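Chemist: Protein chains in written order, with this note's numbering: chain A, 1 to 96; chain B, 1 to 96; chain C, 1 to 96; chain D, 1 to 96; chain E, 1 to 96; chain F, 1 to 96; chain G, 1 to 96.
Everything labelled a hint here was simulated from the structure, so no lab data went into it.
Computed from a predicted structure; not experimentally measured.
There's no promise every hint is true.
Claimed, not checked - Here are the simulated SDA-like pairs of lysine to any residue, each with C-alpha atoms no more than 20 Å apart in a straight line:
| id | chain 1 | residue 1 | chain 2 | residue 2 |
| --- | --- | --- | --- | --- |
| 1 | B | Lys63 | A | Val74 |
| 2 | F | Lys87 | E | Gly51 |
| 3 | C | Lys52 | A | Asp50 |
| 4 | F | Lys52 | E | Gly51 |
| 5 | E | Lys52 | G | Glu75 |
| 6 | E | Lys63 | D | Val74 |
| 7 | F | Lys63 | F | Glu73 |
| 8 | D | Lys52 | E | Glu77 |
| 9 | A | Lys52 | G | Thr72 |
| 10 | A | Lys68 | G | Glu53 |
| 11 | D | Lys87 | E | Asn78 |
| 12 | C | Lys63 | B | Val43 |
| 13 | C | Lys87 | B | Leu48 |
| 14 | F | Lys63 | E | Asn78 |
| 15 | A | Lys68 | G | Glu75 |
| 16 | D | Lys52 | D | Glu96 |
| 17 | A | Lys52 | B | Asp90 |
| 18 | B | Lys59 | C | Ile95 |
| 19 | B | Lys87 | A | Gly47 |
| 20 | C | Lys2 | D | Glu39 |
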Amino acid sequence: MKLAPLFDRVVLKPLVAEETTKSGIVLPGQAKEKPQQAEVIAVGPGGLVDGKEVTMQVKVGDKVIFSKYSGTEVEGENENDKLVIVKQNDILAVIE
Amino acid sequence: MKLAPLFDRVVLKPLVAEETTKSGIVLPGQAKEKPQQAEVIAVGPGGLVDGKEVTMQVKVGDKVIFSKYSGTEVEGENENDKLVIVKQNDILAVIE
Amino acid sequence: MKLAPLFDRVVLKPLVAEETTKSGIVLPGQAKEKPQQAEVIAVGPGGLVDGKEVTMQVKVGDKVIFSKYSGTEVEGENENDKLVIVKQNDILAVIE
Amino acid sequence: MKLAPLFDRVVLKPLVAEETTKSGIVLPGQAKEKPQQAEVIAVGPGGLVDGKEVTMQVKVGDKVIFSKYSGTEVEGENENDKLVIVKQNDILAVIE
Amino acid sequence: MKLAPLFDRVVLKPLVAEETTKSGIVLPGQAKEKPQQAEVIAVGPGGLVDGKEVTMQVKVGDKVIFSKYSGTEVEGENENDKLVIVKQNDILAVIE
Amino acid sequence: MKLAPLFDRVVLKPLVAEETTKSGIVLPGQAKEKPQQAEVIAVGPGGLVDGKEVTMQVKVGDKVIFSKYSGTEVEGENENDKLVIVKQNDILAVIE
Amino acid sequence: MKLAPLFDRVVLKPLVAEETTKSGIVLPGQAKEKPQQAEVIAVGPGGLVDGKEVTMQVKVGDKVIFSKYSGTEVEGENENDKLVIVKQNDILAVIE
Numbered sequence: 001m002k003l004a005p006l007f008d009r010v011v012l013k014p015l016v017a018e019e020t021t022k023s024g025i026v027l028p029g030q031a032k033e034k035p036q037q038a039e040v041i042a043v044g045p046g047g048l049v050d051g052k053e054v055t056m057q058v059k060v061g062d063k064v065i066f067s068k069y070s071g072t073e074v075e076g077e078n079e080n081d082k083l084v085i086v087k088q089n090d091i092l093a094v095i096e
Numbered sequence: 001m002k003l004a005p006l007f008d009r010v011v012l013k014p015l016v017a018e019e020t021t022k023s024g025i026v027l028p029g030q031a032k033e034k035p036q037q038a039e040v041i042a043v044g045p046g047g048l049v050d051g052k053e054v055t056m057q058v059k060v061g062d063k064v065i066f067s068k069y070s071g072t073e074v075e076g077e078n079e080n081d082k083l084v085i086v087k088q089n090d091i092l093a094v095i096e
Numbered sequence: 001m002k003l004a005p006l007f008d009r010v011v012l013k014p015l016v017a018e019e020t021t022k023s024g025i026v027l028p029g030q031a032k033e034k035p036q037q038a039e040v041i042a043v044g045p046g047g048l049v050d051g052k053e054v055t056m057q058v059k060v061g062d063k064v065i066f067s068k069y070s071g072t073e074v075e076g077e078n079e080n081d082k083l084v085i086v087k088q089n090d091i092l093a094v095i096e
Numbered sequence: 001m002k003l004a005p006l007f008d009r010v011v012l013k014p015l016v017a018e019e020t021t022k023s024g025i026v027l028p029g030q031a032k033e034k035p036q037q038a039e040v041i042a043v044g045p046g047g048l049v050d051g052k053e054v055t056m057q058v059k060v061g062d063k064v065i066f067s068k069y070s071g072t073e074v075e076g077e078n079e080n081d082k083l084v085i086v087k088q089n090d091i092l093a094v095i096e
Numbered sequence: 001m002k003l004a005p006l007f008d009r010v011v012l013k014p015l016v017a018e019e020t021t022k023s024g025i026v027l028p029g030q031a032k033e034k035p036q037q038a039e040v041i042a043v044g045p046g047g048l049v050d051g052k053e054v055t056m057q058v059k060v061g062d063k064v065i066f067s068k069y070s071g072t073e074v075e076g077e078n079e080n081d082k083l084v085i086v087k088q089n090d091i092l093a094v095i096e
Numbered sequence: 001m002k003l004a005p006l007f008d009r010v011v012l013k014p015l016v017a018e019e020t021t022k023s024g025i026v027l028p029g030q031a032k033e034k035p036q037q038a039e040v041i042a043v044g045p046g047g048l049v050d051g052k053e054v055t056m057q058v059k060v061g062d063k064v065i066f067s068k069y070s071g072t073e074v075e076g077e078n079e080n081d082k083l084v085i086v087k088q089n090d091i092l093a094v095i096e
Numbered sequence: 001m002k003l004a005p006l007f008d009r010v011v012l013k014p015l016v017a018e019e020t021t022k023s024g025i026v027l028p029g030q031a032k033e034k035p036q037q038a039e040v041i042a043v044g045p046g047g048l049v050d051g052k053e054v055t056m057q058v059k060v061g062d063k064v065i066f067s068k069y070s071g072t073e074v075e076g077e078n079e080n081d082k083l084v085i086v087k088q089n090d091i092l093a094v095i096e
C-alpha cells in the first residue's frame with residue numbers, strides 16, 4: 001500500500017547494512033543491531049502541527065538516521081517491506 | 001447510532017484484512033494482530049482545539065493508518081460495528 | 001441541586017441503556033458496562049480557559065459520548081441522580 | 001485569621017451536610033464521605049496567572065462544588081474552622 | 001547572610017506558633033506540625049520568569065501561608081534562623 | 001579549562017565553608033553537608049532560551065545560593081576545582 | 001558517513017583524554033569515566049524548532065562540554081569513530 005503521511009510525519013524504509021565476510025561473500029546485515037539508517041519514502045505536508053509551524057527538511061530519497069525507538073511500524077506495498085512512520089523531529093540527520 | 005465528533009476528533013471503522021488460504025478460501029482476518037487500518041466514518045469540525053488552530057486533513061471515506069493504542073472504542077449503528085474515535089493527530093497516514 | 005459549571009465544564013447525566021429480553025420485559029441496563037452515553041444537563045460559559053479561548057460546541061439536551069474515566073461524579077437534584085461534571089474536551093462526539 | 005488569596009486562588013469553607021434521622025434528630029454529616037460542597041470565603045484578584053489571563057468567576061458567598069483532592073487545608077479564624085485554598089480551576093460548578 | 005532572591009522567588013521566615021500551657025507557661029511551638037505560616041523577608045524583582053510576565057504581589061513584612069512541601073531551606077543571618085526560598089506561586093494567601 | 005556557557009547557563013564554583021574549632025584551628029568544611037553556596041565563575045549570554053527571552057541577573061564574582069541537586073559537575077582549570085554548570089533559574093538568590 | 005543534522009542538532013565527537021603515567025608513557029584515557037568533552041563535527045541549521053526560534057551558538061571545530069546522558073550514539077566515517085548527535089541545548093559550555 002502507498003502511504004501519504006499527515007502533518008510532519010515521514011515514512012521511512014529502514015536500510016539493511018550489507019557486509020562482506022573475509023571469503024568475499026556478502027551477507028545481509030539483518031541479524032545486526034544497527035537499524036537506525038533509513039531511506040525516506042514519503043513526506044507529510046508540514047504546516048501547522050499541534051499549533052506550531054513546521055517546515056519539512058527531508059525529501060523522498062534522502063538517506064537519514066533516526067531514533068531507533070521512535071515511530072510506528074507498518075507494512076509497505078510488499079508484505080516483506082517493513083516501513084516506519086516517524087515524526088520529522090525523530091530524524092536526527094541526513095546522511096550526505 | 002450516528003456520531004458527530006467534536007473538535008479534531010475522527011470516527012474510524014477499523015478494517016478487517018481478508019486473506020486467502022492456499023485452498024482459495026477467503027478467511028476474514030479477525031484473529032490477526034493488524035487492526036491499524038481503518039476507514040474514516042465521520043470528521044470533526046477542527047478549528048481551535050486546546051487553543052491551537054487545527055485544520056482537518058482527512059475526509060469521510062479515506063482509508064487511513066492509525067496508532068493502535070490510541071482512541072476510544074464505541075459501538076456503531078449496528079451492535080457489531082466497533083468504531084474508534086481518535087484525535088486526527090493519531091492518524092499517521094492516508095492510504096492511497 | 002442545580003449546577004452552573006465554570007469555564008468549559010459540562011454537567012452530564014449518564015444514560016442507562018434499556019434492553020428488551022426475549023420475553024419482552026424491559027430491563028434497565030444498570031448492570032452493563034456501557035456508561036459512556038449521556039445527556040447534557042448544563043454547559044459552562046467557555047471563554048478563556050487556562051489562557052486558551054474555548055467555544056462551547058454542545059448544548060443542553062444533546063446526547064453525547066464521553067470518556068468513561070473522565071470527570072467527577074456529583075449528586076443531582078434527586079439523591080438518585082448521578083451526574084458527572086466533565087471538561088468539554090472529554091466529550092468525544094454528539095449522537096445525532 | 002483572615003486570608004487574602006493570591007492570583008486565582010479561592011478560600012473555601014467545606015459545607016457539612018446536615019441530616020435528619022427518622023427520629024427527627026439532626027445529625028451533622030461529619031462522618032459522611034461528601035465534602036465536595038463548599039462556600040466561597042475569599043477570592044483572589046485573578047489577572048496574569050502563570051502568564052495566562054484569568055478572570056474570577058466566583059464571588060464570596062457562592063456555594064460551589066470542588067474537586068475533593070485539590071487544594072491545601074488551612075485553619076480559619078476559629079481553630080475549628082477547616083478551610084481549603086484551591087485554584088479557581090479546581091471549582092467545578094456553582095450551586096444555584 | 002542577606003539574600004536577594006532572583007526572578008519571582010521570595011525568602012520566607014517560617015513562623016513558630018507560640019502556645020500557652022494551662023499553667024500559663026509559653027512554649028514555642030517547634031514540635032508542632034504547623035509550619036505553613038511565614039513572614040516575608042525578601043522579594044525578587046519579578047518580571048519575565050520562564051518567558052512569562054510576573055508581578056510580585058507580596059512585600060517584605062507580609063504574613064503569608066505557603067505550601068509546606070515547596071521551596072528550599074537555607075540558613076539566615078543567624079545560624080538558628082531557618083529560612084525558606086519559594087516561588088511566589090507557592091504562596092497561597094496573605095494573612096490580614 | 002576555561003568555560004563559556006551557552007544560553008542561560010552559569011558556571012559556579014561551590015564554596016567550602018571554613019570553620020574554627022574551639023582550639024582555634026581552621027578546618028575546611030568539606031565533610032559538611034552544606035554545598036549550596038557558590039561563586040559565579042562564568043555567565044552565558046542569555047537571549048532566546050527554548051523560545052523564551054531570558055536576561056541574565058547574576059554576574060561573575062557574585063556569591064549565590066543554588067539548588068543542591070541541580071546542574072552538572074565539571075572540572076575546572078585545576079584538577080581539584082570542582083565546578084558546577086547550572087541554568088540561571090537554578091540559582092535561588094544572590095548573597096549580599 | 002557524513003552527517004547533516006536537522007534542526008538544532010549537533011554532531012559531536014567525544015574526546016578521549018590523554019594521560020601521562022609517572023614513567024612518561026602516554027595512555028589514552030579510554031578507561032576513565034570522563035566522556036563529557038567533545039569536538040563539534042557538524043551543526044544543524046537552527047531556525048524554527050518545535051515552534052521556537054533557535055540560533056546556533058556553536059560552530060564546527062568548537063571544543064564543548066555536553067551532558068553525558070544526552071544524545072544518540074552513531075557511527076562516523078570510520079567504524080571506530082563513535083559520534084554523538086545531541087540537541088544544541090544539551091551542550092553546556094564551549095571550552096576556550
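Chemist: Within 20 Å, alpha carbon to alpha carbon, are Lys52(A) and Asp90(B)?
Modeler: OK: Lys52(A) and Asp90(B) at ~17 Å, within 20 Å.
Chemist: For the pair supplied as a hint, Lys52(D) and Glu96(D), is the alpha-carbon distance within the 20 Å limit?
Modeler: violated, 28 Å
Chemist: Given the proposed pairing of Lys52(E) with Glu75(G), does the C-alpha separation stay at or below 20 Å?
Modeler: The hint is violated at about 41 Å.
Chemist: If you draw a straight line from the CA of Lys52(D) to the CA of Glu77(E), is it 20 Å or shorter?
Modeler: violated, 37 Å
Chemist: Is the straight-line distance between the alpha-carbon of Lys63(C) and that of Val43(B) 20 Å or less?
Modeler: holds, 18 Å
Chemist: Decide if the proposed pair is consistent with the structure: Lys87(D) and Asn78(E), CA atoms, cutoff 20 Å inclusive.
Modeler: violated, 36 Å
Chemist: Verify the proposed pairing of Lys87(C) with Leu48(B), using a straight-line Cα cut of 20 Å.
Modeler: holds, 15 Å
Chemist: Check the hint pairing Lys87(B) with Gly47(A) against an upper bound of 20 Å on the C-alpha distance.
Modeler: holds, 18 Å
Chemist: Is Lys68(A) within 20 Å of Glu75(G), Cα to Cα?
Modeler: With a Cα-Cα distance of about 14 Å, the restraint between Lys68(A) and Glu75(G) holds, given a limit of 20 Å.
Chemist: Take the C-alpha atoms of Lys68(A) and Glu53(G), compute the straight-line distance between them, and say whether it is at most 20 Å.
Modeler: With Cα atoms ~27 Å apart, Lys68(A) and Glu53(G) exceed 20 Å; violated.
Chemist: Mind checking the alpha carbons of Lys63(E) and Val74(D) for me, to see if they're no more than 20 Å apart?
Modeler: Cα-Cα ~14 Å, so holds.
Chemist: Below or equal to 20 Å on CA atoms is what counts here, so check Lys52(A) against Thr72(G).
Modeler: violated, 25 Å
Consistency note: the structure conflicts with the earlier hints numbered 5, 8, 9, 10, 11, 16.
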